[in-house]
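Each chain, written out:
Protein chains: 2
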Amino acid sequence: MVRRAASGDEGRRPTTIRDVAAHAGVSVATVSRILSGTYPSAPATRSKVMRAVRELDYVANANARGLAGASSRSVAIIVNSVVSPHYAHVAQGVQAQAALEGKLCIVGTTGGDPERELATVQLMRQEHAECVILVGNVVNDEAYRERMGEYARALALAGSRLVLCGRPALGPDVPALVVEYDNTGGAYSITSHLLSAGHRRILFLGRRDGYTTPDSRISGYRKALADHRVPHDPGLEVEGTMERREGYRMVRERLASGPRDFTAIFAGNDLIAAGARQALREEGLRVPDDVSMVGFDDLPPAADIDLTTVHVPHEELGRTAVRLALAREQDAGMAEHVLLGTHIIVRDSVRPLRNQAR
Amino acid sequence: MVRRAASGDEGRRPTTIRDVAAHAGVSVATVSRILSGTYPSAPATRSKVMRAVRELDYVANANARGLAGASSRSVAIIVNSVVSPHYAHVAQGVQAQAALEGKLCIVGTTGGDPERELATVQLMRQEHAECVILVGNVVNDEAYRERMGEYARALALAGSRLVLCGRPALGPDVPALVVEYDNTGGAYSITSHLLSAGHRRILFLGRRDGYTTPDSRISGYRKALADHRVPHDPGLEVEGTMERREGYRMVRERLASGPRDFTAIFAGNDLIAAGARQALREEGLRVPDDVSMVGFDDLPPAADIDLTTVHVPHEELGRTAVRLALAREQDAGMAEHVLLGTHIIVRDSVRPLRNQAR
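Just so you know, the sequences run in chain order S and Y. Note that full-length UniProt numbering gives residue 270 to position 270 of the first sequence, counting from 1, and the numbers run on in steps of one. Note that full-length UniProt numbering gives residue 24 to position 24 of the second sequence, counting from 1, and the numbers run on in steps of one.
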C-alpha cells in the first residue's frame with residue numbers, strides 16, 4: 001500500500017474528496033468512481049469533476065489518498081521488446097484477461113538487459129502489480145535461477161506473484177507460477193511432417209546452445225530424426241538468433257559456402273523462415289518448389305508467406321498466466337505449473353521430396 | 001515523489017538501509033546501487049544483499065523509502081494494443097531512447113477503451129512517470145480534446161508531461177507536446193506514384209470518417225487525384241478499419257459485387273494490403289501483374305509481400321517523443337510540435353497500366 005502521508009506535511013489542511021465533490025456539485029461516490037476509472041461515466045460529469053480536481057489542486061495529493069486504490073488493480077508483464085510478435089501476442093493475451101478481470105495492464109520492456117529487468121521488477125513491485133509475468137527464452141544457468149528466486153520471494157513478500165511464461169520451472173522452494181508451451185513436442189511433430197514427405201537432409205536454422213527455447217526445439221528435431229532412424233548430422237544445425245535478418249544471413253552464408261546439401265529447412269521460428277525465404281529467392285530458389293520449409297510460432301508473417309508451422313497459443317499463454325496468478329485466493333488447489341499444447345498448421349510450404357527439384 | 005511515511009506507523013523501528021548493509025556486510029552505497037538497479041553488480045554481492053533484504057523484511061518498507069527513486073526514472077507509453085506493429089514499433093523507439101537516457105519504459109495497453117485509458121494515465125501519473133506518451137489514431141471530437149486537456153493539466157501538476165504521438169495538436173493553452181508524421185504528404189506521394197504509372201481507377205481501402213489517421217491519408221489521395229486532374233469517384237473509397245481481416249473483407253465484397261472497376265489499390269496501411277492481397281489471390285488475381293497495390297507504414301508484412309509503401313519513421317516517433325519530453329529542462333526553446341517526414345519505399349507491387357492485365 002502506498003502510505004498515507006501525515007496530514008501535517010502540507011502546512012495547510014489538504015483538499016479532500018469531499019471538497020472536490022462539493023465544488024463539483026456531485027456525490028463523493030461519483031468523484032471516487034471517476035477518479036478510480038473503474039466505471040463508465042457521463043462525459044459532462046467527468047468534466048465537472050476534473051475541473052474541480054484542477055481548481056482545488058487535488059491531484060497533488062492524489063498519491064497519498066484517492067488514487068492509491070488504482071495500484072492494486074494492475075497486472076504487469078515484462079518482455080525484452082514489444083516489436084517481437086511472440087512477446088506482443090503474449091502481452092495481448094495478458095491485456096485481454098486483465099481487462100476481463102477489471103485490471104489494468106502494464107508492460108515493461110528491458111531490451112534483454114538483466115539490470116533493466118531487475119529495475120523493472122522493482123518498479124512493478126513498488127506499483128503493487130498483483131502479478132509480474134516474465135516472458136521468454138533465457139539462459140537457464142545458476143545466476144538466472146538465483147535472480148528469479150530473488151524476484152519470486154521479493155514479490156511474494158509484497159503480496160504479488162511472479163509468473164514465468166514460456167520458461168522452465170525453478171524448483172519446489174521458489175514461489176513462482178509457470179506457464180509453458182510444448183516446444184519439444186511441436187518441433188517433433190513438424191520435423192516428422194517433413195520426414196513423412198521424404199525429406200532426410202533438413203537444415204535447422206537457429207541453434208543457440210544454452211538458451212531454453214531453441215534448445216527445446218532442436219531436441220524435438222533430433223528426437224524425430226532418431227525415431228525415424230535418420231542419421232543426425234550436426235553440420236545441418238546452423239547457429240543464429242531468432243530474428244528475420246538472421247534467417248537471411250544463415251541461408252546466404254550456407255548457400256555461399258558450397259553446393260546445397262539440404263532439401264528442406266526447419267526454421268527455428270517464423271521470422272527466421274521469412275528471412276530464409278528471402279535469401280532463397282535471391283538465389284532463384286522457390287519455396288516449396290525447390291526447397292520445403294517449416295517454421296515455428298504461427299505468427300505474422302507465417303500466413304503471408306504460406307508457411308506450414310507450429311501453432312503456439314501465445315494469447316492463451318498470457319491469459320493463463322493472469323488467470324493463474326489472480327485465482328490463487330479462490331482456488332488454492334490450482335496447478336502451479338501449466339504446459340499448453342502446440343500443433344501443426346499446414347499451409348503451402350512443403351512438397352514431397354519426389355516432386356521437388358533436388 | 002512517494003511520500004515518506006511517518007516512522008511511527010510501524011509500531012516498531014523500521015528496518016533501514018543501514019541495517020541491510022550491516023547484515024550483508026557491504027556498504028550502504030552498495031545496497032543502494034543494487035536496490036536501485038541502475039548499476040551492474042556482481043551476482044555474489046547482489047545475492048548477499050537480497051538475502052539480507054529478505055531476512056530483515058526490508059521489502060515491505062520499500063515504498064516509503066529505498067525504492068522510491070526508481071519511480072522518477074520511467075517513461076510511459078499508452079497504446080491500444082501491442083500486437084499492432086504500428087504501436088509496437090513506436091513503443092520500441094520509446095524503449096530505446098529511454099534506455100539511452102537511463103530510464104525504464106512502461107507500456108500501458110487499453111484495448112481502445114477510454115475508461116481504461118483514463119485509469120492507465122492515472123496509474124502512470126501515480127507512478128511518477130516523467131512523461132506519458134499517447135499514440136495513434138483518434139476521433140478528434142470535443143470529448144476527446146477535453147479528455148486530453150484534462151490529462152495534460154493533471155500530468156503537468158504532477159510534474160510529468162503529456163506527449164501526443166501521431167495525433168494532432170490540442171491548442172495553445174494545453175500543456176502537451178506533439179510528435180506527428182506526415183500522413184497527408186505520404187498519401188499524396190504514393191497516389192502520385194500510381195498515377196504516374198498510368199492508373200486512374202485507384203481503389204482506396206480503409207476510409208473511416210472522423211478518425212484522424214485515415215482522414216489525413218484519404219485527403220492526400222484526393223489531393224493527388226485533383227492535382228493530376230483525375231475525377232474523384234467516391235465509390236472508389238471503401239470503408240473499413242485498419243486490420244488485415246478488413247483488407248480481406250473489403251476486397252472480397254468488392255469483387256463479389258460486380259465486375260472489377262479498378263486497376264490499382266491504395267491500402268490504408270500494410271495490414272490492409274496483406275489481407276487485400278490474399279483476397280485477390282483467391283480470385284486468381286496477382287499483384288502486380290493483374291492489380292497494382294501500394295500500402296502505408298513500411299512495417300512487416302510489407303517486405304514479405306514485396307509491397308511498395310510509405311515509410312513511417314515509427315521508432316523515430318517514439319525516440320523523438322522521449323527526447324522532447326525529457327529535454328524540457330535543458331532546452332526550453334525546443335519545439336513543442338514536431339512533424340516528421342514520410343517517404344516512398346519502392347518494392348515490386350506496381351506495374352505501369354499498359355503492362356498490366358485490365
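Note that these hints are calculated values from the structure, not bench results. Don't take each hint at face value.
Which copy is meant is left open, because identical chains are indistinguishable; a pair holds if it fits in one copy or across any two.
Claimed, not checked - Capping the alpha-carbon separation at 25 Å, the derived lysine to any residue pairs in SDA-like fashion look like this:
| # | residue 1 | residue 2 |
| --- | --- | --- |
| 1 | K48 | E142 |
| 2 | K48 | R18 |
| 3 | K48 | V139 |
| 4 | K48 | A158 |
| 5 | K48 | R208 |
| 6 | K223 | H193 |
Hint check:
no. : hint         : verdict
1   : K48 to E142  : between (56 Å within a copy, 15 Å between copies)
2   : K48 to R18   : within (14 Å within a copy, 48 Å between copies)
3   : K48 to V139  : between (53 Å within a copy, 22 Å between copies)
4   : K48 to A158  : between (37 Å within a copy, 20 Å between copies)
5   : K48 to R208  : neither (58 Å within a copy, 31 Å between copies)
6   : K223 to H193 : within (13 Å within a copy, 53 Å between copies)
The structure does not agree with numbered hint 5 stated previously, though it agrees with all others.
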